[in-house]
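Enquirer: Let the hints inform the model, and build the full structure from the sequences given.
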Amino acid sequence: MNVLRLLTPSKASIERLAQRETDPRCAARFDPITIGPILSICALCALALLAILIAPLRILATAIRLRNRQRSDDI
Amino acid sequence: MISDLLIIGSGPAGAQAAKAAIDLGATVTLVDCGADDALLRNAVPDEPFPKIRRTDPAQRNYFWSVNEATEPVEDRRGAHLTPPRNFVTERAEELLPVTSDTFMPLQSLALGGLGAAWGAGCPAFERFELEAAGLPASEIHRYYDDVIRDIGVSAAREDDTAPFVITSDSVQRPADIDTNAQCIMSNYSRMRGQLDRLGFVAGRPPLALLTNGIQRDGLERLANPYFDMDFYGDSRRSIYRPRYTIEELSKNPRFRYINGVLVQTIREHHNEVEVTLEDTTTGSASHVSARRVIVAAGALNSARVLLRSRAMYGVRQPLLCNTMTFLVCTNLDMLGRPADDRRHSLAQLLALYSPEHRGGERIAAAVYSYRSLLNVRLAMEFPMPARLGALAARLLSTSLTIVGIHHPEKRANTKWIALRSADGGDALAAEYVLDADERGLIQKDLSGIARCFRKLRCLPLRVVTTPPGASIHYAGTIPQESAGEKAELQADARARLAGSRRIYLGDSATWRALPAKGPTLTIMANARRVASYAVADERAVSVP
Numbered sequence: 088m089n090v091l092r093l094l095t096p097s098k099a100s101i102e103r104l105a106q107r108e109t110d111p112r113c114a115a116r117f118d119p120i121t122i123g124p125i126l127s128i129c130a131l132c133a134l135a136l137l138a139i140l141i142a143p144l145r146i147l148a149t150a151i152r153l154r155n156r157q158r159s160d161d162i
Numbered sequence: 037m038i039s040d041l042l043i044i045g046s047g048p049a050g051a052q053a054a055k056a057a058i059d060l061g062a063t064v065t066l067v068d069c070g071a072d073d074a075l076l077r078n079a080v081p082d083e084p085f086p087k088i089r090r091t092d093p094a095q096r097n098y099f100w101s102v103n104e105a106t107e108p109v110e111d112r113r114g115a116h117l118t119p120p121r122n123f124v125t126e127r128a129e130e131l132l133p134v135t136s137d138t139f140m141p142l143q144s145l146a147l148g149g150l151g152a153a154w155g156a157g158c159p160a161f162e163r164f165e166l167e168a169a170g171l172p173a174s175e176i177h178r179y180y181d182d183v184i185r186d187i188g189v190s191a192a193r194e195d196d197t198a199p200f201v202i203t204s205d206s207v208q209r210p211a212d213i214d215t216n217a218q219c220i221m222s223n224y225s226r227m228r229g230q231l232d233r234l235g236f237v238a239g240r241p242p243l244a245l246l247t248n249g250i251q252r253d254g255l256e257r258l259a260n261p262y263f264d265m266d267f268y269g270d271s272r273r274s275i276y277r278p279r280y281t282i283e284e285l286s287k288n289p290r291f292r293y294i295n296g297v298l299v300q301t302i303r304e305h306h307n308e309v310e311v312t313l314e315d316t317t318t319g320s321a322s323h324v325s326a327r328r329v330i331v332a333a334g335a336l337n338s339a340r341v342l343l344r345s346r347a348m349y350g351v352r353q354p355l356l357c358n359t360m361t362f363l364v365c366t367n368l369d370m371l372g373r374p375a376d377d378r379r380h381s382l383a384q385l386l387a388l389y390s391p392e393h394r395g396g397e398r399i400a401a402a403v404y405s406y407r408s409l410l411n412v413r414l415a416m417e418f419p420m421p422a423r424l425g426a427l428a429a430r431l432l433s434t435s436l437t438i439v440g441i442h443h444p445e446k447r448a449n450t451k452w453i454a455l456r457s458a459d460g461g462d463a464l465a466a467e468y469v470l471d472a473d474e475r476g477l478i479q480k481d482l483s484g485i486a487r488c489f490r491k492l493r494c495l496p497l498r499v500v501t502t503p504p505g506a507s508i509h510y511a512g513t514i515p516q517e518s519a520g521e522k523a524e525l526q527a528d529a530r531a532r533l534a535g536s537r538r539i540y541l542g543d544s545a546t547w548r549a550l551p552a553k554g555p556t557l558t559i560m561a562n563a564r565r566v567a568s569y570a571v572a573d574e575r576a577v578s579v580p
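Each protein sequence line maps, in turn, to chains A and B.
Per the numbering used here, the first sequence runs over residues 88 to 162.
Per the numbering used here, the second sequence runs over residues 37 to 580.
Covered by chain A, according to a simulated footprint, are these stretches of chain B (three or more residues, beta-carbon under 8 Å):
{"no.": "1", "stretch": "372-378"}
{"no.": "2", "stretch": "408-414"}
{"no.": "3", "stretch": "420-431"}
These aren't lab readings, by the way, just hints derived from the structure by calculation.
Only a predicted model underlies this, so the values are computations on that prediction, with no experimental measurement involved.
Where is the CB? At the ideal position from N, CA and C, for every residue including glycine.
Expert: Here it is in structure tokens:
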């Protein structure tokens, strides 16, 4: 299985995100962030670094979730 | 009394064929399934996207579907359909089955066919492209004009792409491009010489989007308001949908529209053609007859119906489909910078790339910015938690540049369709496999295009390949007869089914090649041409 695919968000978390993004009260929290190119690059690098650091935990959590689902399907 | 013409399909081809025939004085019956979702479409406010985001508590109904697919975009069929457009593919897999491991087409039973959700790109084909497809260039150019005046096309006659995509003086002034596209064009102006030497030109695309309103009997359409809501609603009818033509024609007493039916077979008799219909709700059969029939159900389904009509099961027919890839880029000059909210949602720019390895053929690249499709759809693709992905999407939003690339297509033995018996009926089997040479050409195309966009300061982040069929450009399933290549089912030079006198093919099924540019304008022009032949043949007079 593609490792990057394992790291994409779960359906449940996407649904929660969609719920917030389509709530008018949260609209401003989803506007484009326009802080200039340098700060944007720094922010993106920070996000990427954070994603890399937590990736092993997320892969483990996904693997456990898939294994539990497989077990309940077998039952 | 039976109609002069029966037209099968209400997509761009069927709608324009019907319009042409009515304008020539014929009586016309048009049949299709006609799926529609006026309820959700009418729920979309006629307001700018940013205002809707902040004010409409019901926005989730049309911005996001609870069943929104979470498969990777590379595997998704119809990834670009938003909830108000989901009706476009309603019941298509059930009623138009395709069995294939290598070909994933998008089909439609909607009122307006795939034109109910199209990107509205309207480039004309050049002479050599028309000739490769087997279409008579001088005639098609005349019908381009008719289509452009009828549906309203805006285009930039002064841009570098104009000589390759515009043949008519009847176009409206070009649509305004957004901040991101303006930035790219500014870089293009500086790099024009270098890019020209690479065979790359860019400009504003011809679009079936009104910059001036159209008003005539039975029709009112207004200029696009730049609300960036074009993926969701049909604000002011500014983007052409074939259903507008059907609605306009429905006011004409010589036009009859039968919907809720699926064509099963076509039988030609001495003086007429009889079409068997199946009611898509009850399953009951009925018949309708006309003097002549134009089959315009799309290349796949026109072939399906005609193969079934002739009981040609297991017979392989050719299949043409442009390969489509996406290049996801960030415009470095827009990173972290604000962009104006005033924009339309369609392609902002069109680039044409003619590298040496393509021997004169052009690769077409439509350039989109990203805003109203929501951050969540981007966050789905990032390999990080949803909240972090949404944050990354916000940072990238104003600089994100999506380049949709269509590659030229030619016939091959590994690309075919065939009708096979299946449970309770039949299904279209299909195979679509690119050989090593074609894959190599596509890789070279991508490398070349990426290089050109880097020169425009658009840094490629990701290449997204789509499954064969995802381009929604299909052709060549009942090709025009030629000395070199044969098929069991063919068409003659007047787009009549070979061996018949009264059955015409009004869509891209007869094409022998499929250029990379969007085919819909040419499909519509060709449909008018075919309609003029059918009417003339019925009247036994020369085509004016």
